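Dock chains B and C against chain A, hints included.
Protein chains in written order, with numbering that gives the first Met the number 0: chain A, 0 to 273; chain B, 0 to 346; chain C, 0 to 265.
Calculated from the structure, these hints are not laboratory results. Careful: at least some of the hints might be erroneous.
With a straight-line Cα cutoff of 27 Å, these simulated DSS-like cross-link-like pairs (lysine-lysine) come out [unchecked claim]:
{"no.": "1", "chain 1": "A", "residue 1": "Lys239", "chain 2": "A", "residue 2": "Lys63"}
{"no.": "2", "chain 1": "A", "residue 1": "Lys34", "chain 2": "A", "residue 2": "Lys239"}
{"no.": "3", "chain 1": "B", "residue 1": "Lys19", "chain 2": "B", "residue 2": "Lys64"}
{"no.": "4", "chain 1": "B", "residue 1": "Lys115", "chain 2": "B", "residue 2": "Lys73"}
{"no.": "5", "chain 1": "B", "residue 1": "Lys64", "chain 2": "B", "residue 2": "Lys27"}
{"no.": "6", "chain 1": "B", "residue 1": "Lys27", "chain 2": "B", "residue 2": "Lys115"}
{"no.": "7", "chain 1": "B", "residue 1": "Lys73", "chain 2": "C", "residue 2": "Lys51"}
{"no.": "8", "chain 1": "C", "residue 1": "Lys177", "chain 2": "B", "residue 2": "Lys115"}
{"no.": "9", "chain 1": "B", "residue 1": "Lys64", "chain 2": "C", "residue 2": "Lys177"}
The structure displayed is predicted, hence computed values, not measured ones.
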Amino acid sequence: MNKYHDDWIIAAPGILLLCFAFLVPVAGIMVLGIKNPDGSLTISYIERFLTDAYYLGVAWRTIKLSCIITLVCAIAGFPFAYVMARASPNLRVWLMILITLPLMTSVVVRTFGWMVLLGRGGLLPEALYLMGFVRRNYSLMHTEAAIIIGMIQILFPFMVLSIVGVILRLDPRIEEASRVMGCSFLASVKRVVLPLSIPGIVAGSLLVFTLSVSYFITPSLLGGARLPVLAGSIYETATKSQDWAFAAAQSLILFIGVLILLIPYISLTRKSHG
Amino acid sequence: MAAVVLNNVTKLFGETAVIKGISMSIAKGEFVSLLGPSGCGKTTLLRMIAGLEQTTSGSIIIGEKDSTALPPEKRDIAMVFQSYALLPHLNVFDNVMFPLRMRNLGTRQEQARRVKDVLEMVQLSHLATRRPRELSGGQQQRVAVARAVVSSPQVLLLDEPLSNLDARLRESMQEELIQLHRQTGLTTIFVTHDQEEALSLSDRIILLNEGTIEQEGTPAELYGAPTTRFSAGFMGSSNILDVELVMDGDACRAMLSAEDVLTLAKGYVRGGASTITFRQEDVQLAPAGDSTCTARVETAIFLGSRVRYVVRAGLHCIRCLATDGQIFKVGETVALQVAPNRIRVLD
Amino acid sequence: MVRAVPPWVRGAAALFVTIVMIFILGPIVVVAGVSFTAGDYIAFPPQGLSLKWYRTVLDSNVYVQSALNSLQLAAVVTASATVVGTGMAIALHRGRIPGTGILSALMLSPLVLPTIVFALGLLMFWSSQVGRTSFVSLWVGHTVIAVPYVIRTTLAVLSTSDRFLEEAARTMGAGRWKTLIHVVLPQCLPGIAAGAFFAFNISFDEAIVSLFLRSPEIMTLPIQIYTQLEFSPDPSIAAVSTLMIGLTVVMLLAIDRLLGVQKVAG
Chain A
0 MNKYHDDWII AAPGILLLCF AFLVPVAGIM VLGIKNPDGS LTISYIERFL TDAYYLGVAW
60 RTIKLSCIIT LVCAIAGFPF AYVMARASPN LRVWLMILIT LPLMTSVVVR TFGWMVLLGR
120 GGLLPEALYL MGFVRRNYSL MHTEAAIIIG MIQILFPFMV LSIVGVILRL DPRIEEASRV
180 MGCSFLASVK RVVLPLSIPG IVAGSLLVFT LSVSYFITPS LLGGARLPVL AGSIYETATK
240 SQDWAFAAAQ SLILFIGVLI LLIPYISLTR KSHG
Chain B
0 MAAVVLNNVT KLFGETAVIK GISMSIAKGE FVSLLGPSGC GKTTLLRMIA GLEQTTSGSI
60 IIGEKDSTAL PPEKRDIAMV FQSYALLPHL NVFDNVMFPL RMRNLGTRQE QARRVKDVLE
120 MVQLSHLATR RPRELSGGQQ QRVAVARAVV SSPQVLLLDE PLSNLDARLR ESMQEELIQL
180 HRQTGLTTIF VTHDQEEALS LSDRIILLNE GTIEQEGTPA ELYGAPTTRF SAGFMGSSNI
240 LDVELVMDGD ACRAMLSAED VLTLAKGYVR GGASTITFRQ EDVQLAPAGD STCTARVETA
300 IFLGSRVRYV VRAGLHCIRC LATDGQIFKV GETVALQVAP NRIRVLD
Chain C
0 MVRAVPPWVR GAAALFVTIV MIFILGPIVV VAGVSFTAGD YIAFPPQGLS LKWYRTVLDS
60 NVYVQSALNS LQLAAVVTAS ATVVGTGMAI ALHRGRIPGT GILSALMLSP LVLPTIVFAL
120 GLLMFWSSQV GRTSFVSLWV GHTVIAVPYV IRTTLAVLST SDRFLEEAAR TMGAGRWKTL
180 IHVVLPQCLP GIAAGAFFAF NISFDEAIVS LFLRSPEIMT LPIQIYTQLE FSPDPSIAAV
240 STLMIGLTVV MLLAIDRLLG VQKVAG
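Chain A extracted, bound-state conformation (with noise of 0.2 Å):
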């Protein structure tokens, strides 16, 4: 079509650039994945994925830590973003500037705030000696909680800015209608607001699940080589055993599960863009 030529100009470079730089390269990992060397189709590397007990384990635990991080990211998200939604304008663009903070220093970065807290000798770890929980030179590094720990304070800002996108469109009178109806404070919070913003909890969890099964820097430093998740073993395969295809297959395993989780995620930020 020649009539938008001057559209279809503009646009070429993010096109060539999505086409040879990503679609290209992510279809040839997913190719790779299920093929043998000699081109023919095989299930082999998803089959010793799907076979092999530490795989097992390392998706187990890559489902598991997600669904724990998404699970508290969501309980702590949404009064948070109900607080940020209700707070005076400017209190609320703070909020957001500093609560996107850390999304703005580099993973290396945080990840070393967490080692030092939670290392032995860290802060975490002391204040629960001191409480008596745990013995002198306790340290919480190489453990779940770490992992736990580190990756909802990088993941935290996904939820909440979800969810204050669709309180911040709820009409306010909607709950003044509610108090005027005998609502308490709380039961209107209760029963009207959290059902209304479901759409925005659902999508949150799940950008912040699918992020958090395709993070691993958080994770390899905070978790240590003895608790791979999923990303961190592709890692490992791909340059310590440099075995492409099987990093490829577990590569295909990660993307398929991200995108059937994702294909609600768009659907659902689609409508409440209206």
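Positioned in the frame of chain A, the structure of chains B and C alone reads:
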């Protein structure tokens, strides 16, 4: 000489025809309104003249130059948008200068002088350095108009430019538009759905309905002599009655019922089922007595200087706007009269 | 605003928000604190105050070189992502090229699809089709993940502008390209600036794509830190991290001056 000529233009959006073969010729200096309900194609037609929509068939000639295939920037036109579309990053002066810069009209000094003149004409000289968002709605509207007239285009296109203003501002802007038209003498095409606006501004009104011209003429013609049921309804004639016409000697009478009769003006010679129309302010009510048509008052609404009645004569509901002192009660029987020359028979 | 919120709820809300904020910002504060230690190993609270670890960082060839690499990379990524993203955003906003809906979903997909899959894919593709990984491979990889941010910020600004501006410009004698330069781009500027901020920030902080696409001679700052964390962390990491955070904060303040903070957060 015609400033704009449309030859049998049509527009298809996919399968649906939005403009179904419209021809018109607009004389230089004329102020023409395209009037019609939403969805009648008036805005599409204006956008076709501007070159913002492609013409499916037919031709558009602007200033004796076939412009059918020209993009908007190559046509000698200017347009005022409903939202004004002022460029938010430029101040008032630069906004008005924009068309001159883009069309390379004159030197920099000449451009600046023209902008100054036009701003003076719309009384905005003191706001020249303001940004659009610092202006009121009416001021923004004047900037949009100034920006449109500054390049002295062959034709000025106005797309419902007054619809975003409140009622009082709209009235004063109407007066300003009339004055501006007189000063500049620009050929103007004005799109509106508001019949009063069209009546008060135009030299000529073209009434559109479903992509065709329903009726065209001077405001007086459209107001006083609608030829179709659609024109009559759209121009605010609230009484459109399906009646039997009977010849009685050389007078033609409309039978509202067996006993109730309205006499038509001389010259109508026809009988059988027809549609007649008359305006609510042309109906006269009087205390019941000796008359050819009686009616019963169904509702009476007091409007201050006037009273609006809905009365029933036979099977017909008739609306009337009474200005004289006498007030009738609901349920009362009244004599109803319409001057014969005020009643029109529709095609 | 809803009134009549019980005071204890207000108090609880304030406490809750404070705790969350401490949790979110704590690690960053800790990093900054560690960097000022006078001691020889990582500890929080710091053992005495000194700037000696900043001295170490600035004297260290490794840190300075990787910082220069990162800045250079972030600069070119910002340029390319801004150009690519702005053009794409304008085309998507106009929505006239066929398949706009799918295109916009695909363009934004690097935001949500696993970066590690993309990074591995690009590494394999690059090795088989182009050759050794280099500065250029990092540039391409970072651009792909930075472009969606530019698209989002630019689209957000465009969606609030008068949709008849372009048509108005055309009726005033501006052709397609003049309209783009004199009307559309000036509208986009706040979005482009916010997008450029994100692009720079992402490239400067990025670690995943860099881990895969790095080459031995190009060490970026985050990779340098990552490697040190795995082997021999000392307070110099805290110092260099604090410098990185400082750069982000400075840029944030600059963009606030330029656009108002609302624009960036929204």
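Hint check:
1. Lys239(A) x Lys63(A): holds (26 Å)
2. Lys34(A) x Lys239(A): holds (21 Å)
3. Lys19(B) x Lys64(B): holds (23 Å)
4. Lys115(B) x Lys73(B): holds (25 Å)
5. Lys64(B) x Lys27(B): Holds - the C-alpha atoms of lysine 27(B) and lysine 64(B) are around 14 Å apart, at most 27 Å.
6. Lys27(B) x Lys115(B): holds (26 Å)
7. Lys73(B) x Lys51(C): violated (69 Å)
8. Lys177(C) x Lys115(B): holds (24 Å)
9. Lys64(B) x Lys177(C): holds (24 Å)
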